[in-house]
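Those protein sequences? They're chains A and B, same order as listed. Under the working numbering, read the first sequence as residues 1 to 331, first letter to last. Under the working numbering, read the second sequence as residues 1 to 411, first letter to last.
Treat the hints as calculated values from the structure; they're not laboratory data. Source: prediction; values computed, not measured. A couple of the hints might just be wrong.
[Said to hold, decoys possible] Computed cross-link-like contacts, DSSO-like style, restricted to lysine-lysine with a CA-CA straight-line distance of at most 27 Å:
no.	chain 1	residue 1	chain 2	residue 2
1	B	Lys-198	B	Lys-167
2	B	Lys-198	A	Lys-107
3	B	Lys-329	A	Lys-102
4	B	Lys-198	A	Lys-104
5	A	Lys-277	A	Lys-183
6	A	Lys-236	A	Lys-173
7	B	Lys-329	A	Lys-104
8	B	Lys-304	A	Lys-102
9	A	Lys-288	A	Lys-184
10	A	Lys-104	A	Lys-184
11	A	Lys-218	A	Lys-12
[Unchecked claim] Partial list, derived from the structure: chain A residues whose beta carbon lies under 7 Å from chain B:
no.	residue
12	Arg-42
13	Gly-49
14	Tyr-68
15	Thr-71
16	Trp-73
17	Ser-88
18	Val-90
19	Met-100
20	Ser-127
21	Gly-128
22	Ile-192
23	Pro-195
24	Gly-223
25	Ile-322
26	Gly-325
Even for Gly, the Cβ is constructed at its ideal location relative to N, Cα and C.
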Amino acid sequence: MATTLPMIDYEKIKKVHDAPLEEFYTSGHRTCQGCESALVMRDFAKASGPRTIATGATGCMYVANTSYQTTPWVIPWMHTQLGAGGASAVGMAAGIRALMRKGKIAKEKINIINFSGDLGGADMGLSGISAALQTDYDLLIILYDNESAANTDIQATGLSTYGAVTTFTPSGKKRRIMQRRWKKNVAPMLAIGHPTCRYVATASATFPALDFMNKTRKALNVGGPTFIHTFDPCPKGWDFHPGYSRELGELGIKCGIFPLYEILDGKVTYTYDPHKKGRIPVRDYLVKQGRFAHLIDEDFDYIQGMVDTMWEEWELPGIAPIKSGLEMASR
Amino acid sequence: MTTAAQPTDVWEHELLLTGCQAVSHAVKLADVDVIAAYPIRPYTEVMDQLSQLIADGELDAEYIIADSEHSQFEIVKHASSVGARAFGGSSGTGWMYGMEALAVTATDRLPPLFLVGNRALDDPGAFGVEHNDAMSVRDLGWLICWASTAQEALEHVFIGYRVAEDKRVRMPMALAMDGGFLTHAQHMVKVPTLEAVKQFLPPYDLGDRVLHPDNPISVAPQVNEDWVMELRRQNWEAARRARGVIKEAYKEFNGVFGSHGSQYDNPYFTEYMTEDADAVLIGIGAVCMPTQTAARRLREKGHKVGYVNLRWFRPFPTEELRACLGRFKGVGVIDRDFSQGSPDNGGILLQDVRSCLYPLRGDGPNVINFMGGLGGRDISIDECIDMYERTLAAGRGNVPEEIVSWIGLRE
């Protein structure tokens, strides 16, 4: 059963001053200075508007955001369990659809948006999000990725950058690097694995300006289940001054370690294209963060080499780790 | 419990149905909006039935095949939070896999209904009945009720939703039934008319707690030490109020359906041949069949024994059961579950029954415990006779040093 409800006709926001003034994520939270994930919250709520229901999986955007009696949410919001981001969106979308079809509530377009952090979106909740992307419900899952369990104690997750110091991956006398996992490639995994999911994107709340808000609107306009992975510098977890959050996001994208793109109906558009604009050295991004202070030249070289491979050898540069050229099996 | 079929305005027809099939008919009549499924034996047959009802256009509901029980239960929970009547279910380890979601469904005070087709917990694999799965949510703020016939199973979908959704309660409902013995055993079941069900079961209304853009609330924020005590207390009060709401619901049920269907004298448990009894057995679920037959045979020989079939486990019918069991000299508790390392290494039901009887102290019955039927092993009529005889002896003062005995165990 495809969507038959009228869609909300979102316009592309062309200039910062054209962004809606109304806030649906306001005061009342207690996120850190320089928190990019809080901006993700504010921007998706602003972009989607008041006819929206949000669920937030356990994570810093639950614990730091919503203290009892001081909620920042102007739209209806409900907590969901760490691994239940996808299921929460499916349950609400199914409930709303059934109630509208049976005439129990008024028919209108209501956005269902779940946000999950890296533990919820990329580790524990991956199976549920995958299942959500197989449905035909209108729902948007936002993976806000600050590369650690940022509220709980800055523990490494499946999305932490190689080499980063976290409380689970300290640097020691015997082992310089404990975080030896390469960052999971979530958005392409979901795009490639779910052929009926029409829209998957990566984004940053602040770079390029308005990009994330417009991707949110595009996802809601396209309809069906959609997914956005945001890249959120975290002053506390990454160990840098809160004044540099936006800049670190920009550097991460410009060095190519976090590719910025959208995939609509299988067509890839780089929303920051390193082929045209070039890549800055990854080192310029890493050395500005305390979590990489222990790295030595060979570590920087290794990370740079991996990023170079992503962009120079992958069939879909920066996206899919398949190398070009088909070879027939030897006979 | 049930009388011969007499189609009336209340009862549409009588069908030969398994427990799971009976529940599927009831889910349809309850106009459930959202169903989430995940396969595991033996509860899964209810989902097979419901998917066919939807495919045939007989039931208008969203039907979601989840990726795990955890997702399944979360889908049900969140559908319930937007005001949709929701249905789920599971068995054994599947129920345990979704345990986190089950805990928050109760603390979020949402009232979906789940069918638990009781199954032993792995390892090792076993499809047969044990009650530990459903009983695992006994402390979390759930309503837990066992059906012992397919007719009761059908009726308790209506009773369950009505009690769970009552604004004085708003707790999730686990309708349990013995895997195999009831999920897959056929009984003649009277199926009511939609009009009669509508008369008994009002539409689900979550009131000012429903999530909708017109009601922009925040649900389940972080509270820490500031408010958890007060919220737990609200849960506690709801569980306490549920006892009264359950009584009201059965009274109303008897009024709407009773003249030709089930008559529930007591919502919480059914007494069988207990009048003037010296000793009784008390148990849960399908074990009521051999125990009742055994009681009849012993009565024919002049032994004063009876059976108490406990239906509601949460809320536990403290006062009613104390008044009932306090009349006897010996009480044998049959546990189709285990609570390893608990006081006397008894079963879960033993602990609750003894705690319930404690205020009677010396005036109360002597209580002994039988562990039996684990993993779906049959409990025979002869074994029931043996249990009655031992309970009679305990009632006469011959209480064994070890009050727990295992029935039907290879030694």
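Quick rundown of the hints versus the structure:
no.	hint	result
1	B:Lys-198 <-> B:Lys-167	holds, 18 Å
2	B:Lys-198 <-> A:Lys-107	holds, 24 Å
3	B:Lys-329 <-> A:Lys-102	violated, 56 Å
4	B:Lys-198 <-> A:Lys-104	holds, 15 Å
5	A:Lys-277 <-> A:Lys-183	holds, 24 Å
6	A:Lys-236 <-> A:Lys-173	holds, 24 Å
7	B:Lys-329 <-> A:Lys-104	violated, 55 Å
8	B:Lys-304 <-> A:Lys-102	violated, 56 Å
9	A:Lys-288 <-> A:Lys-184	holds, 22 Å
10	A:Lys-104 <-> A:Lys-184	violated, 42 Å
11	A:Lys-218 <-> A:Lys-12	holds, 8 Å
12	Arg-42	violated, 16 Å
13	Gly-49	violated, 9 Å
14	Tyr-68	holds, 4 Å
15	Thr-71	holds, 4 Å
16	Trp-73	holds, 5 Å
17	Ser-88	holds, 5 Å
18	Val-90	holds, 5 Å
19	Met-100	violated, 10 Å
20	Ser-127	holds, 5 Å
21	Gly-128	holds, 4 Å
22	Ile-192	violated, 18 Å
23	Pro-195	violated, 17 Å
24	Gly-223	violated, 17 Å
25	Ile-322	violated, 26 Å
26	Gly-325	violated, 35 Å
Hints 3, 7, 8, 10, 12, 13, 19, 22, 23, 24, 25 and 26, counting from the list given before, are not met by this structure.
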